[in-house]
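**Student:** Heads up: the sequence lines are chains A and B, in that order.
Going by my numbering, 140 is the number at position 140 of the first sequence; the sequence numbering is gapless.
In my numbering, each residue's number is its place in the second sequence (first place is 1) plus 278.
Treat the hints as calculated values from the structure; they're not laboratory data.
Hints may be right or wrong, so weigh each one.
[As the list claims (entries may be wrong)] Restraint-style ranges between C-beta atoms, simulated for each label pair: (1) B:Ser457 with A:Arg140: 34 to 42 Å; (2) A:Ser98 with B:Gly399: 20 to 28 Å; (3) B:Ser457 with A:Ser206: 38 to 46 Å; (4) B:Asp337 with A:Thr260: 57 to 65 Å; (5) A:Thr125 with B:Ala492: 49 to 57 Å.
[Stated by the list, open to error] No more than 25 Å apart at the CA atoms, straight line, and that leaves these computed lysine to aspartate or glutamate pairs for DMTMM-like: (6) B:Lys414 with B:Glu394; (7) B:Lys414 with B:Glu368; (8) B:Lys414 with B:Asp337; (9) B:Lys414 with B:Asp347; (10) B:Lys414 with A:Asp102; (11) B:Lys414 with A:Asp244.
From the three backbone atoms N, C-alpha and C, an ideal C-beta is built for every residue, glycine too.
Each chain, letter by letter, is given below.
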Amino acid sequence: MRTVRFWAALGLAAAGNAWAANPGEPDASDLWWNSAQSGWGVNVIQQSNVLFMTFFVYGPDARPRWYVAPDTRCSGAPRDVEQVCHGPLYEAAGPVVSGSFDPAAVERRLVGDTTFLYRRPNAATIDFRVDGVATSRSLRRQTWAVNDLSGEYYIQRVAGADNRPATGCAAISTTMRDLGRVIVTHSGSSIRLATEPGPWPRCEYSGTYAQEGRMGQITGSYTCTGTDSGTSSTGAESGTFTLDEVEVGPRGFMARYSATVGNCRIFGNFAGARATVQ
Amino acid sequence: MRQLLALFLTAFCPWAMGMSTWSTDVSDLWWNPAESGWGVNLIQQSDKVFATFFLYGSDRRARWYVSSDMQGESAGGSGQPIVFRGALYETSGPVVAGSFDPSSVTRRLVGSVTFEFHPPGDALLTYTIDGLAVSKSVTRQTWALNEVAGDYWVKRVARSACNGGIGMNALGRMAVRRSGSAVTLSGESGTCQYSGNYSQQGRMGRISGTYSCADGAAGPFTLSEIEVSDMGFTARYQATERGCSMEGNFGGPRATASFPPS
Chain A
1 MRTVRFWAAL
11 GLAAAGNAWA
21 ANPGEPDASD
31 LWWNSAQSGW
41 GVNVIQQSNV
51 LFMTFFVYGP
61 DARPRWYVAP
71 DTRCSGAPRD
81 VEQVCHGPLY
91 EAAGPVVSGS
101 FDPAAVERRL
111 VGDTTFLYRR
121 PNAATIDFRV
131 DGVATSRSLR
141 RQTWAVNDLS
151 GEYYIQRVAG
161 ADNRPATGCA
171 AISTTMRDLG
181 RVIVTHSGSS
191 IRLATEPGPW
201 PRCEYSGTYA
211 QEGRMGQITG
221 SYTCTGTDSG
231 TSSTGAESGT
241 FTLDEVEVGP
251 RGFMARYSAT
261 VGNCRIFGNF
271 AGARATVQ
Chain B
279 MRQLLALFLT
289 AFCPWAMGMS
299 TWSTDVSDLW
309 WNPAESGWGV
319 NLIQQSDKVF
329 ATFFLYGSDR
339 RARWYVSSDM
349 QGESAGGSGQ
359 PIVFRGALYE
369 TSGPVVAGSF
379 DPSSVTRRLV
389 GSVTFEFHPP
399 GDALLTYTID
409 GLAVSKSVTR
419 QTWALNEVAG
429 DYWVKRVARS
439 ACNGGIGMNA
449 LGRMAVRRSG
459 SAVTLSGESG
469 TCQYSGNYSQ
479 QGRMGRISGT
489 YSCADGAAGP
499 FTLSEIEVSD
509 MGFTARYQAT
519 ERGCSMEGNF
529 GGPRATASFP
539 PS
């Protein structure tokens, strides 16, 4: 075993604080598990296209043991196909963490490698080898508390139609629709997003909320009145919709938007700043 | 023998919601840069944190501990820290290869943990394991910088410290451009221009610099807690405007849409 500054050598030096090759990578950060195998899991934290993965598993002596893959690089594949993330896997040894901790006493050992196949938003397959023993598992994001999306936000929606030949739809250019000040009422699995009366066309989205890990999902139906202008969409519309990868925080709301209008699917983004200041 | 993760979450009721978007998200890998080699991973959902500690035993072997139901006790604000507290467990179980029998996983209560976060970056981690009390300063670990460049439809919501009023400004389609750590955010004509330097702590970005708007407002600004994705971005906004401190939110959707495969 070599003595190195483990976390720094494997973590920080891994990417050297490099900028992302692709802006806006799908975010795999979460606690991942296999619900049929409760008792072990994988922590994933993503920055740019680099995953820092920590495996909490067990050794042959049944004692808890962790392994780390601090430089798991994701391919630059299109964002809507499976992301392939691959990197080396290490075991570490070191002193008890108490009053003082000497990082020079930490040692690392390369035990194998890992591949994290991420299918956005909530599914993955993990393959890993530890000292020649290969393991493959299906994983999902783990959920233990449901986020409450209630609040008021200034939402803007950017969407266009998928006009590739396979869809059979005409091209609809990507446009922004300003939904104005939107009140989100969230109770149990029921959720409603409705434009507050004001100088903007009114939209109302009603549906069902579900969550896997950090990511929420809303499915339902919607209606919007017309009278938008300028760079915004025009005309009334209605249909069914899905908001995926919903992430809401004290600063605002972000989600991936898709809807069916007539026979055509439209896709885009749905986001905005929180209208209240905490 | 008990099923570890499922039973840890005894307080979990699938539709028992916490408070609305409870606090600044502490989800990240936390470490002490002077003590490279150990860390703690936090994932927050609502007002509950699942913490996994990556430490070592007295035999120097890698050993993990888990606090799977840390309850939020303070959401912060007004200079107060964000605080989570919970019980800490050690587990044992079979090797994860071939079949894995969750009923053979056992857990043992070893102590407790408190995480006290002082935004934007520093936290105090206090825990006990079998009577050994440890207190460490930790911060979010950064290993790769998120790209913020792109085009977004941005709105800004800010409260003035001078009169308490909250106003919203539509900045239109904003071009965010980066060269090295220098970032410019250019709103549509008649709105505002921002320029500053980008830095990052863990998952959270930060831009500090100066701004000017067509209405004559100008001064220093900071965007912090920046979270960017391929859907858009959100951030905390702080600025000085005509001698008044402004505090609020800043964000919107990406102006370009991506389509899933046919």
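**Student:** If a hint holds in the structure, say so; if it doesn't, say that too.
**Tutor:** Hints, one by one, checked against the model:
no. : hint                               : verdict
1   : B:Ser457 with A:Arg140: 34 to 42 Å : 40 Å, holds
2   : A:Ser98 with B:Gly399: 20 to 28 Å  : 24 Å, holds
3   : B:Ser457 with A:Ser206: 38 to 46 Å : 44 Å, holds
4   : B:Asp337 with A:Thr260: 57 to 65 Å : 59 Å, holds
5   : A:Thr125 with B:Ala492: 49 to 57 Å : 52 Å, holds
6   : B:Lys414 with B:Glu394             : 11 Å, holds
7   : B:Lys414 with B:Glu368             : 20 Å, holds
8   : B:Lys414 with B:Asp337             : 22 Å, holds
9   : B:Lys414 with B:Asp347             : 21 Å, holds
10  : B:Lys414 with A:Asp102             : 14 Å, holds
11  : B:Lys414 with A:Asp244             : 38 Å, violated
The structure is inconsistent with hint 11 alone, although it conforms to all the rest.
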